[in-house]
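Each chain, letter by letter, is given below.
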Amino acid sequence: MEIDIGSSCRASETETNVESATTKREEPAGAKKLNGDSVFRYLTTLFAFSILAILALMLYEMTGESMPAIKAFGWKFVKSSDWDAVQETFGALPYLYGSVVSSVFALLLATPLSIGAALFITEIAPGRLGSIVAPLVELLAAIPSVIYGLWGVLVMAPWLQTTVQPFLIEHFGFIPLFEGAPYGVSMLAAIFILMIMVVPIITSITREVLLAVPQSQKEAAIALGATRWETIKMAILPYGKSGIMGAAILGLGRAIGETMAVTMVIGNAPNISLSLLSPAYTMPSVIANEFAETTSKLHAAALMEIGLILMVVTLIVNALARLLIWSVSESAKGGAA
Amino acid sequence: MMRSMTFRKAKNYLMSLTMLACTLAVLIPLGLIFFHIVKMGLSSLSLDFFTQIPKPTGEAGGGVANGMFGSLIMIAGASVIGLPIGILGAIYLSEFGGSKMSTTIRFAADVLSGTPSIITGMVAYTLLVVPMKGFSSLAGSVALAMIMIPIVLRTTEEQLKMVPGSLREASLALGVPFWRTSLKVTLRSAFSGVLTGILLSVARVAGETAPLLFTALGNQFWSKNILEPMAALPLQIFSFAIAPYEDWHRLAWAGALVLVTVMFALSLTARYFGRSRHAR
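Top line first, the protein sequences correspond to chains F and V. Residues 5 to 341 (my numbering) make up the first sequence, in order. Residues 60 to 339 (my numbering) make up the second sequence, in order.
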């Protein structure tokens, strides 16, 4: 490591030391040479607090802009499914329903797969293999959602329409979940694409959580004669439980807020239908489709209110997830100390 | 109750197989996506793709030169706004911050990075597009910066914390003021790690589409004014993909290939810098 101490030292001859700089805090900005340290301190403080300011500003703006809709509709906004820009009545129920159903189903499918994959990478796979698969999964988490959407609408949806959906209708059509005609673009397509998208996220975080499980835990189980699966079941999973839950909830937050890919495959029809085969709509999708060309102030405010609901929900979900994940990494640190 | 060893071994074997199956189920769709992007993308790439702007509906050919240019401009703008805030904020967290305040800011950054990106687009719309009475790539840059800041902040902070305290003390003992120590010693020692964070954040915003929908809006033509609507590659992929024309689909696939290649190149470079630091 090379540090240019010589030049720093020479430069510092023109500066006063740390002590006197902090005592001269009240000096005007013109005396920069004297209190570089306090200027620096104020500057970094300002930038750090701007994070809080951005978050506060976002909440403030979203609330302010959605006020007309909140005043006009009150609770009816989340109970009604009338969304008519011409009549200026707005009820967001179909979008709420679509968001909840698509993300919950996606999470139910993704979580077990992710836990299995993370366990395989950390516990089962022979060293080399695990170290190839893990970065691969992380790289896949970085693919932009518009590309998932492109693949979803041009490859997956047609495949669903010609293969999967007719099969489901023929054999499981008596279940209301699989009633109707095969459209391709549908709630089912949104669930699948969301599942594919959140799996890398949940897998990589679960993997981190599993890596934080102390070696001594595993060794204790192995010393008792446990098989590999028993070690996982008795020692690893209980230890990482809350962290894994955090990972799943983080995946939920991502799924709820996912915009582009879902907009491209869900069909964008404000239906509340039990069938997973019919097109639906989600909160981010309706914003993406309508916000740039709103017809009235109230229309814009209604979309803002949907955005506000979306933001508050993801805020809560993310805060919860972070707390759970932090609790594991903190206790791991405590255990090591 | 002790079960027989054979039963336990069989169960162990079965569960290992299940986990392998899970891993395959995770990797297969992702492999398929890859396969299609490369296959469709390669067959659709041409020189025109990099030099032309989109042709009017129905005409064959055309490219996305304006979108790539627009993406570059907006990413540069987002970096100019976001990097100083992220890096200097990180210096506060690692060098000055009291523990309670830092935890709050860290938590806010984590929550902010989990906020749906379309929300940053809406906020940039109310803050810039409405007052300025028009969509602009400047608003797009601001929306992207809001996504960049928490990523840069968190990665930079982690890297700064890894710089040993003795290095700072050595510099301070020589009489170097604290601010110079922070910038010239602490930040410089962590440089490769910080660069990793920057590259990852650029890779992340390069593919963002939702925040640009109501800020940069997109543009069929060349636009070099940051106060006007501007095309962006992700926006073009989106509009080409949902249009019912075979030719536009080909452009979308080629765009996806370019975008994925750029992002993977960025991630790999970031990994390289991140790794070389730890290896030292």
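Everything labelled a hint here was simulated from the structure, so no lab data went into it. Errors might be hidden in some of the hints.
In silico lysine-lysine, DSBU-like type, Cα no more than 30 Å apart, as pairs [to be verified]: (1) V:Lys114 / V:Lys98; (2) F:Lys301 / V:Lys220; (3) F:Lys245 / V:Lys68; (4) F:Lys237 / F:Lys83; (5) F:Lys75 / V:Lys192; (6) F:Lys222 / V:Lys159; (7) V:Lys159 / F:Lys245; (8) V:Lys220 / F:Lys237; (9) F:Lys222 / F:Lys237; (10) V:Lys220 / V:Lys243; (11) V:Lys114 / V:Lys220; (12) V:Lys114 / V:Lys283; (13) F:Lys75 / F:Lys301; (14) V:Lys70 / F:Lys237; (15) V:Lys159 / V:Lys243; (16) F:Lys222 / F:Lys245; (17) V:Lys159 / V:Lys114; (18) F:Lys245 / V:Lys220; (19) V:Lys283 / V:Lys192; (20) V:Lys70 / F:Lys245; (21) F:Lys222 / V:Lys70; (22) F:Lys222 / F:Lys80.
One side only, chain V facing chain F, incomplete, derived with CB under 8 Å [stated by the list, open to error]: (23) Met78; (24) Ile92; (25) Phe237; (26) Glu267; (27) Ala302.
C-beta: ideal position from N, C-alpha, C; glycine also.
Practice task
Would you check the hint for V:Lys159 and V:Lys114, treating anything up to 30 Å between C-alpha atoms as holding?
Solution key: Between V:Lys159 and V:Lys114 the Cα gap is close to 56 Å, so the pair fails against 30 Å, i.e. violated.
Handout entry: Holds or violated: F:Lys222 to V:Lys159, with C-alpha atoms at most 30 Å apart
Key = Since the Cα atoms of F:Lys222 and V:Lys159 sit roughly 34 Å apart, the hinted pair is violated (cutoff 30 Å).
Practice task
Answer holds if the nearest beta-carbon of chain F is closer than 8 Å to that of V:Ile92; otherwise answer violated.
Solution key: holds (5 Å)
Practice task
Would you mind confirming whether the straight-line C-alpha gap from F:Lys75 to F:Lys301 stays at or under 30 Å?
Solution key: holds (13 Å)
Practice task
Let me know if the C-beta of V:Glu267 comes in closer than 8 Å to any C-beta of chain F, holds or violated.
Solution key: holds (7 Å)
Problem - 30 Å Cα cutoff - pair F:Lys222, F:Lys245 - result: holds (15 Å)
Practice task
Given the hint that V:Lys283 pairs with V:Lys192, test it: the Cα-Cα distance must not exceed 30 Å.
Solution key: holds (18 Å)
Problem - Holds or violated: V:Lys220 to F:Lys237, with C-alpha atoms at most 30 Å apart - result: violated (35 Å)
Handout entry: 30 Å Cα cutoff - pair V:Lys159, V:Lys243
Key = It holds: about 27 Å lies between the C-alpha atoms, which stays within 30 Å.
Practice task
Given the hint that V:Lys159 pairs with F:Lys245, test it: the Cα-Cα distance must not exceed 30 Å.
Solution key: holds (27 Å)
Handout entry: 30 Å Cα cutoff - pair F:Lys301, V:Lys220
Key = Roughly 48 Å separates the two Cα atoms, so the pair is violated.
Practice task
With a cut-off of 30 Å on the C-alpha distance, tell me whether V:Lys70 and F:Lys237 pass.
Solution key: Holds - the C-alpha atoms of F:Lys237 and V:Lys70 are around 12 Å apart, at most 30 Å.
In this structure, the hints that do not hold are numbers 2, 4, 6, 8, 11, 17, 22 and 27, in rising order.
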